[in-house]
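Novice: Listed below are the residues making up each chain.
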Amino acid sequence: MLPALPPQQVHLSEYLALAEQLERDARALLDALDPATRLDVAKGRLNALQGAPLAALQGALRDLAPEDRRAAGVRFNQLKGAVQEALDAFAARQSGAADDAPPLDLTMPGRARWRGAVHPVTAVVEEIAAIFRELGFTIALGPEAEHEWYNFGALNFPADHPAMDVHDTLYLAGRDGRPADGALLRTHTSPVQARTLQRYRPPVRVLAPGNVYRRDFFDASHAPAFAQIEGLAVDEGISFVDLKATLAEFARRFFGSARTRFRPSFFPFTEPSAEMDVVCQLCGGGGCAGCKQSGWMEILGSGMVHPAVLEHAGLDSERYTGWAFGMGPGRIAMQRYGIPDIRLLYDSDVRFLEQFAR
Amino acid sequence: MIVSHAWLRAFVPHALSAESLGQLLSAHVATLEGMERTRAELAPFVVAQVVASERIPETRLSFNRVDDGSGTLQEVVCGAPNVVVGAKYPLARVGTVIPGKGGITIERRKIRGFTSAGMLCSAMELGLGEEHDGILALETDAAPGTPLLDVLAAGDVRLELDVLANRPDLLSQRGVAREVAALTGVPLEQPPELRALPPVPASVVGAREASAAGVTVHVEDAEGCPRYAAAVIRGVRVGPSPDWLRERLDGVGARAINNVVDATNYVLHGLGQPVHAFDLARLAGATVRVRRAGDGETLTTLDGVTRPLGPEVLVIADAERPQAVAGVMGGRESEVHEATTDLLVEVAYFAPARVRRSRRAVGLTTDGSHRFERGVDRAATLDALAACAGLIVAVAGGRVEGVLEVGGPPEPLAPVELRLARIARVLGAPVAASEVERLLGAIGFHLVRAGTGEALAWSVTPPSWREDVRREIDLIEEVARLVGFDHFPDELRAFRPGTVPDHPLHVASQRVREAMVAAGLLEARPLPFVRGDDATHVRVANPLADDEPHLRTRVLDTLARRAEHNLARMQGNVRLFEIGAVFAPNAEAALPRERMHVAALVMGNRRPAHFTEPEPPAFDVWDARWLAETLAGAAFPGSTIALEPGDGSEVLWTVQVDGTPVGEVRRVPLDAPVWAAPAFGVELTLATLESGEVAAAGSNAHGEPVAEARRPAAVRHRPLPSTPAAEFDLALLVPDAVPAREVERVIREAGGAQLEQAMVFDEFRGGDVPAGSRSLAWRVVLRDPTRTLRDKEVEGRRRRLLDALAALGVRQRTG
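Taken in order, these protein sequences are the chains called A and B.
When we follow my numbering, the leftmost residue of the first sequence carries the number 1, and every step to the right adds one.
When we follow my numbering, the leftmost residue of the second sequence carries the number 359, and every step to the right adds one.
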């Protein structure tokens, strides 16, 4: 900071030194400023720093010996000119429009911004949902912490079904730390079927994406929690032909004119049950390690909604029929993007996630 | 479940190749998981025909030209005496490994000036027998070049099937054969080895106990063992099984052990009934007790492991101690061994749930337990016992001295009504009545017609091995899969749109996700398990990992661990977000309170480095604030969003939507290396997930109103200004105690209707700004939509602003 100027007896050398320092400070301030700073902000800063000292310096002209005033006046005007010049140069740096600017090397890279990305599993979920939307489905959701009834009983699992064992299902403890009565982490998205059928009158056409939990330890192809998508269509006159045609149409749109096959399967909550395969997307059906030489890739499980499931939701199973399916977008994502280890989907390594920026 | 192609053909002599059979089974019965040829070592051998042969002088060798189907004749030197021109022999080409010669590999060689590029093989060299009189002449019409395995009787194909959980009847060769018979129309028959077995005596039957031939069986736990049958066989000679039996077992991948055990395994794999043979001499008191094990009892099982037992384990005990875990594994003490002469052969029906409990308790899964757990045919107990006893006598000698049985067969299964019209309604295409009758009849169902024409229906009685068939829909499934899913066309048909609106939370999540991706963030989907506190966190009763037994209460806790994972991999520029569930204990309900949150975490460079900016600035609190505003705006469109300053330490702001707190902006403490930049996080609650009961079981809530996604108020267009704006800057000295929000409030109040914009654009301390104050510069824009403002008006407004600000202790900076 400048010391306050004494009211009188200012020597020319002193005056010139002060002017010199003000000029240096002004240049230093402008040089140090981020070139992106707005010009008016730069002026404001300069003013805050030098407004008062400059006024004082101007006033001090009167306090100089008369023979020195001319030289001091010239210096003062020089100072003002120099500060203005520095400001102009700053403005020119900003606009980059100085006439003597060197030519642009247009081979230099552009200025990037971080690119965001949805998770690859979400990307697959969204793609699946978009296709089913075109086929008349809306999105339903349900809780991940579920009642045993919705997860098993309402879905026609017999009371002693092995899936309900503590080795396979994660149960939640009550406040006393002991297992709560029938509280668990849902093992599939199918409870959303039961909830939706109880809540809404048919016709029902919904897709239910969400996370599900199994008591599986992490390895390259298993995880204790993963994404699933459930689909459900219930109305009068819905048949296995609707199931087959809709799912085959989905496969054609999702995989691009892929052949499909349906195999018998078993789920307590659908009957008849069928697994749908598409021609292996790696080998085209010739057989490879990816499809265990079968030429087919398992995509989803499906079936006609079991009458007991409709009855548990208070629906007349003579009048209404329906079909449902479930699939694992995680596994599809691994196939589609060539991800060798399921753990990559959970690690959240930014170098992995960035690869899916679109 | 492994099906032997050869064994299956003994039950149903179809003409399908293994490949076609596999496809047929996948399409109608159970999925083919894999196929494996037995004698795979013979796969490279081909049929070759000798075209010319000449003696090599002064040797026993011949020089031959053979046709191996390749188009070029191969030159082969052979030492066997029986080479005949025109005959066919197995050929090992160069590179083939000879199984019967300790694994030597055939190479191209010069012998006495003659080139040999292969070898014609004997049965012994192929590992097919002891005969070494000469090379193996093949009686075949097959063309040269045909794989040897295609023409030899030796070699089987193992088809591995993924049998569905509700179809235990398919866990045997005969069970699969029954389906193949129905699908191909080839009738089911008895394999030759089961056709002429010696008869067994009639059984002695008791309700809880029975005795025969000096052996007594007590079933003390009838709930665990509803039916127990046994045969007493004396005078057997334990030894190796005949080749046919060894081959049967090899076809399903089972190891041959001795003739008695192999016969029991024949019944296990062939008929689906697990059998156990005890050495009768080792059963104390010639007594069997089927009972729960007592605490402290142990059993050394066949695998040599001594296992503690307990009341949850059902055992087969003798008068003194357990000799087998019922339905799971026998004990070593009473195992059949070389010196065994007398047997007790057990065929039982154990309750599936009890076998599961026993199996878990002893930690063993066996072929037997696998079948018992899913349910064996309780009506076939005696037939299986007769077959097994007959086989034992046939392969090991001895005499069946008595048969006894405790408990009995099940009640016949109840008939189920099947309507022809219902089949078409559920499946979407009709199936002919005759086809229904043929297909169901072929797999053992008994159909009685009732009604005609449109009303045609049947009363269908399932066979004893199909306990899974209880309702009409079960029969419709049988029809659908047997007629084949290909029968039903891929025909998109008209449908009615549904009554279910998109879930509001899904709509909000989509908007939030788009906003975060647009802001350059990366979506994470990690696991929600954390180490928490029982008082505040929901505990998993049976967690996978003891160090993370709780469910998270904040998504940021998860993202913080993920950030640390990145830092550990030298990734300091972390921009993650997640839309995920959090859980809190809930005393009022059975389930925890579940909320869907969105959280974002940023640290490190605000943008990628560039040559104009080699070291970009790091994310700071102002980035976090903008992220919070962006998130809240996307999640709650049309609502008023406010950020209330927090204590400035960990919580920077609380986020309020229409006056209600919905989340926070925080500094996120991390276990971070020194080079890491500070981390900032935002977390908002999107919604609570309803998890209460919608309606009681068997009823619904169709009449009740439902929540719909909130629609943001439409943006209203404001006309673009047609008059010029007046702008001026206010450089203000603001005491530190006065927050910028206060200054802005006063400017807006005093700015009147003409105030269009008031924006702080600089903050500065030092210089001539006195300590305890700062300089805040505001850009003020005034405009009247109807006219141009006069200079005097603007100056007047400026003065009024300054006067109003003076009340705050704020004054204009001079100079």
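Think of the hints as simulated: they come from the structure by calculation, not from any bench.
Glycine included, each C-beta is placed from N, C-alpha and C at the ideal position.
A portion of the hints provided could be inaccurate.
Going by beta-carbon spacing under 8 Å, a handful of chain A positions derived as facing chain B [stated by the list, open to error]:
#, residue
1, L16
2, N77
3, Q84
4, L87
5, F90
6, G136
7, V204
8, A248
One side only, chain B facing chain A, incomplete, derived with CB under 7 Å [as the list claims (entries may be wrong)]:
#, residue
9, N440
10, V443
11, G444
12, I831
13, R854
14, P855
15, E881
16, L885
17, V888
18, A1053
19, S1057
Novice: Which numbered conditions among the earlier hints are violated in the structure presented, ordered from lowest to highest?
Specialist: 1, 2, 3, 4, 5, 9, 10, 11, 17
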